[in-house]
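Protein chains in written order, with the UniProt record's numbering: chain C, 1 to 535; chain H, 1 to 535.
Just so you know, these hints were derived from the structure itself, not from any lab. Among the hints, erroneous ones may be present.
Between beta-carbon pairs, the in silico distance windows are [unchecked claim]: (1) H/A98 x C/A329: 43 to 51 Å; (2) C/E121 x H/E174: 32 to 40 Å; (3) H/N354 x C/E409: 33 to 41 Å; (4) H/I122 x C/G175: 53 to 61 Å; (5) C/G312 x H/E337: 42 to 50 Å; (6) H/H171 x C/E267: 15 to 23 Å; (7) C/V172 x H/H171: 32 to 40 Å; (8) H/S398 x C/H311: 23 to 31 Å; (9) C/D84 x H/T165: 17 to 25 Å; (10) C/T305 x H/I122: 31 to 39 Å; (11) H/E169 x C/T305: 21 to 29 Å; (12) H/E337 x C/D96: 56 to 64 Å.
Each residue gets a CB set at the ideal place from its N, CA and C atoms; glycine is no exception.
There are 2 protein chains.
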Amino acid sequence: MENTMQFASRTTGPASRVVTASSIMNHCQKRRRIQLVPVLRISAILLLTIQFHFSRCYAEAIDLNPVEEWLAEHGDANLQNLIDFVSIPSVSSDHDHAHDVRECAKWLKADLQDAGLENVEILETKGHPSVYADWLRADDPDAPTVLIYGHFDVQPADPVDLWTTPPFEPHVREGKLYGRGASDDKGNMYVPVVAIKAYLKTFKKLPVNVKLLLEGEEEIGSPHMRQLLEHHAAKFAADYAFSADGGMVSPTTPSLCLMLRGAFAMELTLRTADRDMHSGSFGGGVQNPLHAMAHLLASLHDMETGRINVHGYYDDVDDLTEEERADIAKYPVPESERLRHEGVNVSVGEIGFNFYERTWARPTIEVVGMWGGFSGEGIKTVLPREAHAKLVCRTVSSQSADTSRKLIESHLTLAAAKIPGAVLEITRNPFSGSPFKTSKDTPGNTVVAAVLRNLFGREPVGMGMGGSIPVFTLLREILSVETTMLAFGHSDENVHAPDEFGRIDSFRKGEKAYVRLFQGLADAHAASRQGKVEL
Amino acid sequence: MENTMQFASRTTGPASRVVTASSIMNHCQKRRRIQLVPVLRISAILLLTIQFHFSRCYAEAIDLNPVEEWLAEHGDANLQNLIDFVSIPSVSSDHDHAHDVRECAKWLKADLQDAGLENVEILETKGHPSVYADWLRADDPDAPTVLIYGHFDVQPADPVDLWTTPPFEPHVREGKLYGRGASDDKGNMYVPVVAIKAYLKTFKKLPVNVKLLLEGEEEIGSPHMRQLLEHHAAKFAADYAFSADGGMVSPTTPSLCLMLRGAFAMELTLRTADRDMHSGSFGGGVQNPLHAMAHLLASLHDMETGRINVHGYYDDVDDLTEEERADIAKYPVPESERLRHEGVNVSVGEIGFNFYERTWARPTIEVVGMWGGFSGEGIKTVLPREAHAKLVCRTVSSQSADTSRKLIESHLTLAAAKIPGAVLEITRNPFSGSPFKTSKDTPGNTVVAAVLRNLFGREPVGMGMGGSIPVFTLLREILSVETTMLAFGHSDENVHAPDEFGRIDSFRKGEKAYVRLFQGLADAHAASRQGKVEL
């Protein structure tokens, strides 16, 4: 079996590992649209042998109880650490918070050192720093190397007045930790950190080699990640990458996240005058940039069909196959339930698709900000000199950010040229990432599926996410390593919104999952080498 | 001559004054669209007799030099007072500044008492207070009573970062006083106050009876002015009303302002969800309120014709006559010059009209504010739960605010109903005023024209203003007194915008104008009574 052989070959040494990972990647790329195959479609032999092996390990070889006991004993202390971590307003998009992002990196460095990780360092970029740490002294010289990704920067907290408690003064209410980043991604990122700490504090060692790549620029589209990975390719080389950014269907339903959309962003300024004017003295006699912006933005979508009006924008978007649609239809949360939490009655979007199809597999141009003139209390009779908008566009299939961006720019430029008296300026934002698709068949997902099945007592379901995590495609391209998402945030946690929270129970479950993942990977590799398991 | 007789009859006592003023108003209303007649078309006899009389008074009877000397000597002190006045952030639209509006009223009260005015009092309303003061002890028992209107509230100062110096820390640069309200209307309002002070300090008396109505809610559409005038009708009764709010073509060209547009305002909220969402997780799958708002606002105007798309909105708008167009064409400032100051190349608006026609005589729906989502630095991948807009609509001819408002509300409600997943909420703003037109033939304008001609050595030109001053139509309706605008602000003074300024030279000229106005009115009335001048 193709997958089984690849998995086995990964135990033969660093050089061949790269080749092997590369071949996996090639395999994935050839297939272009990797299908949302149900776990049951994975080779039955692989599945059964791994499952057999895991249960054998837990039952006979390795006793993980001391690690789990350490986690239970230190739950409060770990939570307090997370609270300290979330308290740092590491908003990467705001220059005023650049110092806080760096302070957060320093906090992490100290905490990782305290956990027992080694070679902890702050890696500089032209923007915000990232943090690296490793522990590479696994007893088994052939133990796999596991790269864990997460990010410690957060979204802005606006509108701050809609938060029940201040975004950077984390509060625990009903088992949930509230604060900006409590879920995305500080809460989730801290899960593998705690799991590593538990191992090292309990056993003074880990069963695998681990490397951590903790980013400070994910929320602004990882603009320096490519350079960072290229510059430190050897440092980050690994057999597996796992992402602590991502999510899971619900606290009780495990899932494998297999698709993410790409993204790029831009900002629009429409200028009609050198200065703000009196709306009485000039209104009706000069172009109003707010009117012009409304017309410009309205031109992007057909309100009746929900389709994007930009010529050629769908050219590189693959139609969903019947099989993909059927897989998506198996997702266990009805869209009405998903939407109800947000106070939305009905999914609105591209005609002919349901909510999950729209958000996982269809592109979008979203205006994420629009402003101009007076927004204070009451009325100001002003005719402003300019109007602004911020756009974040999501891509799917083989859409490239570059091509899609140019199509939108052409559309906007042509549309603006038809609006008299207004000059359009388009500023490209460095936020950019490619769409990501992976398969349930990858070695990483296969192991994660077994861990989750073991932990939840349920079969994990396949899912997509509408968001973007740019590093995954870069890891694939530069380090030839395929990323598997293993994160414990859920879709109702107000991510990027007021009152963001993370579930403390999910974090605790996640810590156990990572503990078992490390052991499971080590055991599987050892068993494979010893020929005990046919991997 | 109809006008001459009206003017003469106004000297016969308070009761008949009201009847007379009422008849002027009726006369004006009958004509509905008062034409922009050039001053030269005023009865030659009236013009010549008044002009003869003025020059005779100045040359022989009354020596105003001591008053003008006082003004010259106290120029610095008066300017310092104005600076103190402008320093008070009396922003009427912002509840946070309610205290400042009141402090400003108190400051005015003290200053008016210092000027020698009597019965100075702060008049309470359900909103911000107004200030009343009078001096009713003119020697001549038949001296006319002059009501002077101005306002001490100001527009918000946003965007504050575009000001060269802080909006409420007034600075003098190159003969201009910079600060919010330095022109509109504190600077202009203070002109007649200084003129009155100069008279009283010099002669201990005034040649006419004066009353001051200084409002604290003009910038929010004078929502309590009707009640105030009705409640204090006797207090405000007058033969003439002059407005120190308004403007003049340029520092060297005198003008009579004869038309103002009406106004009303509303705020729109489009809500699509209970909470902000992640633009990746939900984008393309739920309605984006920013997209919906763009479509809604875009529906208000036809970008090609510049016309308002609201059904029936032009029904009560009179076409401009050829004569009116010819009068407007005589306005001495080319539209290109007017626009150049604002950095605007070309007038954009309703097809078939030029800039002055558009802004003086055509209605408009202006979006004065539009906002939603993230407007900070960088990017936030948010799909907000709501979008907002503020509209200020200007009316002309016999358009009523009430009817026009309902037409827009119907349009928006229908348009929003076609946008799936969005709920529109329309909030009426109390800002409201009727269109105002007056004639160059009114007694007030006739006297003002003579004063300006005398002071500038040039014939005043007729002009309109696109803004709204709600009190004028209320004074006509409730007090039966016709308002004449005599104000010395100019269109380039960044009114309602950053770096608002007033010209100190124009204020000084304005003070002289008011001094001569008081004396001119007294002399004209005295001469009329004595039969020396055939008025």
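Here is how each hint holds up against the structure:
1. H/A98 x C/A329: 43 to 51 Å: Given range 43 to 51 Å: violated, Cβ gap about 58 Å.
2. C/E121 x H/E174: 32 to 40 Å: violated, 57 Å
3. H/N354 x C/E409: 33 to 41 Å: At 35 Å between Cβs, range holds.
4. H/I122 x C/G175: 53 to 61 Å: Because 56 Å falls inside the window, the suggested range holds.
5. C/G312 x H/E337: 42 to 50 Å: holds, 45 Å
6. H/H171 x C/E267: 15 to 23 Å: The hinted range 15 to 23 Å is violated for H/H171 and C/E267, with Cβ atoms some 33 Å apart.
7. C/V172 x H/H171: 32 to 40 Å: Since the Cβ atoms of C/V172 and H/H171 sit about 51 Å apart, the hinted range of 32 to 40 Å is violated.
8. H/S398 x C/H311: 23 to 31 Å: Distance hint for H/S398, C/H311 is violated at roughly 47 Å.
9. C/D84 x H/T165: 17 to 25 Å: About 43 Å separates the Cβ atoms of C/D84 and H/T165, which means 17 to 25 Å is violated.
10. C/T305 x H/I122: 31 to 39 Å: Check failed, 60 Å falls outside 31 to 39 Å.
11. H/E169 x C/T305: 21 to 29 Å: This hint is violated: roughly 54 Å between Cβ atoms.
12. H/E337 x C/D96: 56 to 64 Å: violated, 42 Å
Violated hints, listed in ascending order, are 1, 2, 6, 7, 8, 9, 10, 11 and 12; each of the other numbered hints is respected by the structure.
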